[in-house]
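Chemist: In case you want the letters, here they are:
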Amino acid sequence: MSAQINFELLSSAAKKLIQGELSDTRVNALSNFKVSEMPSTKNEEWQYTDISNIYALCEKSFHEPSKEIKSLTNKENTIANEIDAYWIIIKNGTIDIMETKRLQKIGIHVSLLSKNLDDTEVLIDDSLCSLNAALMHDAIKITVSSGVESDKPIGILFENDINLNNYVSNFRCIIEVKDNATVSIIHAHTAKIQAPHFTNSVVQMDIGENSHIEYLRLQDFSVHQTLIEKSVANLGINANLNYTSVDIGAQLMRADIVVNFNEKHANANINGVYIAGNNQHIDNHILANHFIGSSKSSQNFYGVIGGNGRCVFNGKALICEAAINSNANQFNHNLLISENAEINTKPELEIYTDDVACSHGTTVGQLDENALFYMQSRGIDEVVAQQLLTKTFITRILNEVNIPSTKDFIENLITDKLRVLTQ
Amino acid sequence: MLEIKNLHAKVAQTNILNGLSLTVKKGEVHAIMGPNGSGKSTLARIIAGYDGYDVTEGEISYNNKNLMDLPPEERSREGIFLGFQYPVEIPGLNNTQFLKAALNAKRKHLGMEEMDAFEFLKIARDAIKKLEIDPSFLNRGVNEGFSGGEKKRNEILQMTILEPSIAILDETDSGLDIDALKVVAKGVNEFRNPDNAVILVTHYQRLLEYIEPDKVHVLSEGKIVRSGDKSLAIELEKTGYAKEKDNEK
Ligand SMILES: Nc1ncnc2c1ncn2[C@@H]1O[C@H](COP(=O)(O)OP(=O)(O)OP(=O)(O)O)[C@@H](O)[C@H]1O
Ligand SMILES: [Mg+2]
Chain E
1 MSAQINFELL
11 SSAAKKLIQG
21 ELSDTRVNAL
31 SNFKVSEMPS
41 TKNEEWQYTD
51 ISNIYALCEK
61 SFHEPSKEIK
71 SLTNKENTIA
81 NEIDAYWIII
91 KNGTIDIMET
101 KRLQKIGIHV
111 SLLSKNLDDT
121 EVLIDDSLCS
131 LNAALMHDAI
141 KITVSSGVES
151 DKPIGILFEN
161 DINLNNYVSN
171 FRCIIEVKDN
181 ATVSIIHAHT
191 AKIQAPHFTN
201 SVVQMDIGEN
211 SHIEYLRLQD
221 FSVHQTLIEK
231 SVANLGINAN
241 LNYTSVDIGA
251 QLMRADIVVN
261 FNEKHANANI
271 NGVYIAGNNQ
281 HIDNHILANH
291 FIGSSKSSQN
301 FYGVIGGNGR
311 CVFNGKALIC
321 EAAINSNANQ
331 FNHNLLISEN
341 AEINTKPELE
351 IYTDDVACSH
361 GTTVGQLDEN
371 ALFYMQSRGI
381 DEVVAQQLLT
391 KTFITRILNE
401 VNIPSTKDFI
411 ENLITDKLRV
421 LTQ
Chain C
1001 MLEIKNLHAK
1011 VAQTNILNGL
1021 SLTVKKGEVH
1031 AIMGPNGSGK
1041 STLARIIAGY
1051 DGYDVTEGEI
1061 SYNNKNLMDL
1071 PPEERSREGI
1081 FLGFQYPVEI
1091 PGLNNTQFLK
1101 AALNAKRKHL
1111 GMEEMDAFEF
1121 LKIARDAIKK
1131 LEIDPSFLNR
1141 GVNEGFSGGE
1151 KKRNEILQMT
1161 ILEPSIAILD
1171 ETDSGLDIDA
1181 LKVVAKGVNE
1191 FRNPDNAVIL
1201 VTHYQRLLEY
1211 IEPDKVHVLS
1221 EGKIVRSGDK
1231 SLAIELEKTG
1241 YAKEKDNEK
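Keeping their order, the protein sequence lines are chains E and C. Position one of the first sequence corresponds to residue 1 (our numbering), numbered consecutively onward. Position one of the second sequence corresponds to residue 1001 (our numbering), numbered consecutively onward.
Hints may be right or wrong, so weigh each one.
[Stated by the list, open to error] Listed next, the in silico DSSO-like pairs over lysine-lysine satisfying Cα-Cα at most 30 Å (straight line): (1) C/Lys1108 <-> E/Lys391; (2) E/Lys391 <-> C/Lys1230; (3) C/Lys1025 <-> E/Lys407; (4) E/Lys115 <-> E/Lys192; (5) C/Lys1230 <-> C/Lys1025; (6) C/Lys1108 <-> E/Lys407.
[Stated by the list, open to error] Pairwise CB distance ranges, derived in the manner of DEER restraints: (7) C/Gly1111 <-> E/Glu82: 31 to 37 Å; (8) C/Asn1064 <-> E/Thr362: 20 to 26 Å; (9) E/Glu45 <-> C/Ser1147: 45 to 51 Å; (10) C/Thr1023 <-> E/Thr362: 51 to 57 Å.
FYI, nobody ran anything at the bench for these hints, they're computed from the structure. All C-beta atoms, glycine included, are put in the ideal place defined by N, C-alpha and C.
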């Protein structure tokens, strides 16, 4: 049993939530939670990332379920107004019916898990995932029918509720893409809260045969917020996942991205950009499970770290015995722009077969002095030159995002962040 | 326009410039020649404001202002241009974006309105046509994957667009084929006017056949050991630098 979160309080909190079709799920989640350990820095996978601050927040949320905290979100400047997409905005456990109807017309079905669980398998594995399943209030399921080619991306935005308990949010999003479909998804963690807050998020994705998914995770939380997110993608035959994460904000962020190659000829690009400044900690753990052959995974993460920011990259590929003819790469490049910036980076390979092509590498560097002087000698301010060079460094990977409508938004986000970082 | 007096500079504990003096007036073209490692690029980079050298003595004034107090970007905006011996590759930074940022930095400094993308492209296209540069240059990363000769042409393109008052061209002729050399020379000759000046750092007399210098200097072991007119360059081509070193002793 986990010592850090009081189980009695947790189960009574879970019982007070909407049950609907979720009552069995919550019971299972609770019993799984009871026997699993919460992460601690003693655990190798968590050695650089200390999440003990969230336990207090969780307990607080059981004791004081309502509190007045201002959410910064106002309708005018939410991401939904800046990026053209079918925005699914989830708030107070409800979703906007209008957009859902529009999506329905093109073969994309959106529903709340509590109302439409059917035979959906809710992932309950480790303690955080169990905690999420026991307490999830806002949980949705998106089903993309066979052959659907969406004309616009689907945006997912969980808005933090300002009326209910606002210390902890448990979001879950289950995405089921049937065969031969092509769809882009933007998952936005952009609803800022200016008070300590913990978001525990789980994303489950099943990608069918011949389907292609563009997936973009955008995280721009306030420096008071913590985000822990677990994303698990299961790829079918010939399925293609192009995943990109952009992490700009949060005080503490930990992402676990697991891609399972269960069928042949699947391909996954798992790319990411993170920019951390003072008092920020961003940790990306990626695991590509090649259970079967002729599959390809490629991980490319680019980081810029300033102030006393600290980042972690752990990119792993597991190549099982049956996974002959697999291809797996893990690359991580970092730019440290201050003396106190820190990165712990580790690409990892675990191979149980011979016939594979793998490569990995990491770099940690500073801005190129010669390039800086060259730019300055052309009249460009040192600070501007630094920003341009830094942006150039990370833009390379952002060019891989095939969702044109997000380009300006991401660029502005990064420019603003770099301005703060290089000041 | 540019006055260098008794300049001493070192890197780590090595003395590189040992009391160098040079005066360049408006409308003049100076050629600086000298053996490898004599300090030519060091001098050029110090004038442009590179702070990796330790200037221990001497001064540089430009239009009667002390240059040493200004960072490189301000020197550039005031009209100093360095054509690099080894132009730097900046993969991913668009050449047009780079050139436009440079030009607008200067215009802003001069109190002029910044140029929009459309206006800028017109100017850039004119310049690349004159310099017989492939238009695709503008869409590529700064010097990214450019050949040696292409990089040098790109330096001249930047000079043409920025219209400096004094251009220091550090071995811009090295690695150029004869046609490219003519194009570069044409670019420099068109740039020349009675109000600006050029310093050519070169190893070859052939450049000076196309761009006629007013003065030729020999730099050796961090000092100017001999100055003359263009006939000095012809003489050096025949005899080499060995004699200059002896003279010094
Ligand atoms: N950062 C440095 N550290 C140590 N020595 C340096 C450094 N920079 C330059 N030098 C030395 O200073 C001397 C002068 O170099 P410089 O590049 O100015 O020569 P140059 O005259 O331009 O030569 P070339 O004709 O080969 O271009 C050389 O001996 C060089 O090795
Ligand atoms: Mg040199």
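Chemist: Are the hints correct? Go through all of them and say.
Modeler: Here is how each hint holds up against the structure:
| no. | hint | result |
| --- | --- | --- |
| 1 | C/Lys1108 <-> E/Lys391 | 23 Å, holds |
| 2 | E/Lys391 <-> C/Lys1230 | 47 Å, violated |
| 3 | C/Lys1025 <-> E/Lys407 | 50 Å, violated |
| 4 | E/Lys115 <-> E/Lys192 | 28 Å, holds |
| 5 | C/Lys1230 <-> C/Lys1025 | 17 Å, holds |
| 6 | C/Lys1108 <-> E/Lys407 | 28 Å, holds |
| 7 | C/Gly1111 <-> E/Glu82: 31 to 37 Å | 35 Å, holds |
| 8 | C/Asn1064 <-> E/Thr362: 20 to 26 Å | 52 Å, violated |
| 9 | E/Glu45 <-> C/Ser1147: 45 to 51 Å | 48 Å, holds |
| 10 | C/Thr1023 <-> E/Thr362: 51 to 57 Å | 52 Å, holds |
When each numbered hint is compared with the structure, violations occur for hints 2, 3 and 8.
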